[in-house]
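Novice: One letter stands for each residue in the lines below.
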Amino acid sequence: SQTIHQWPATLVQPVGSPLSLECTVEGTSNPNLYWYRQAAGRGLQLLFYSVGIGQISSEVPQNLSASRPQDRQFILSSKKLLLSDSGFYLCAWRGKEYSNQPQHFGDGTRLSIL
Amino acid sequence: GNSVTQMEGPVTLSEEAFLTINCTYTATGYPSLFWYVQYPGEGLQLLLKATKADDKGSNKGFEATYRKETTSFHLEKGSVQVSDSAVYFCALIIPINFNKFYFGSGTKLNVKP
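Quick mapping for you: the protein sequence lines, in order, are chains A and B. Whatever position you read off the first sequence (first residue = 1), add 2 for the numbering used here. Whatever position you read off the second sequence (first residue = 1), add 38 for the numbering used here.
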């Protein structure tokens, strides 16, 4: 069966520090991968998605970036964090075997910026 | 454009009450529709889905019927439990771009014993 792992689960970082969040998927190949951000008590904001290695689509201009160095690895990064980057970050994957497959989410990383 | 509209929350119910969470959509073509549930501090879990008009998705006592004529996919449960307290998200994908999901803003459900 397929599983998705995100780490760390929680992170506290000072303003201006760098960021690296990692997401890996097991049990599938060539998935679509997604990064979302969820502000407290709010809905989901799609940040990036990837349909393959090295292919990144950015949905929202910001000081974040994403990379997909391996088929089942998706990394969210920032060179200098802002207070507004606080939130709950969710990674998701989706298979391509048929057109209406759902997305499957990780457990999230709660990021607090001080 | 493509979008999902959910009823504002929070919705507060007593245990064993009937639940309806409204979801309507605007979409290009014939979308597939989903309900996800998010428990506190966790990621989203797929609750149910429907892929064509008049399909009924069901899981764990929850149901939703894909109504093309009213562009709706309302979530229902006959008797809620305290453990159903969570945030519920309605979502869609469209045939011309299955890579991107469109999510509603979420509806928080509080069930009191």
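Worth double-checking, as some hints may not be accurate.
Restricting the straight-line Cα-Cα distance to at most 30 Å, the calculated cross-link-like pairs of lysine-lysine (DSBU-like) are [said to hold, decoys possible]:
1. B:LYS138 / A:LYS82
2. B:LYS115 / B:LYS138
3. A:LYS98 / B:LYS150
To be clear, the hints were calculated from the coordinates, so they are not data collected in a lab.
Novice: So, for every hint listed, does it hold in this structure?
Specialist: Right, here's what the structure says about each hint:
| no. | hint | verdict |
| --- | --- | --- |
| 1 | B:LYS138 / A:LYS82 | holds, 28 Å |
| 2 | B:LYS115 / B:LYS138 | holds, 28 Å |
| 3 | A:LYS98 / B:LYS150 | violated, 40 Å |
The earlier numbered hint that this structure contradicts is number 3, and it is the only one.
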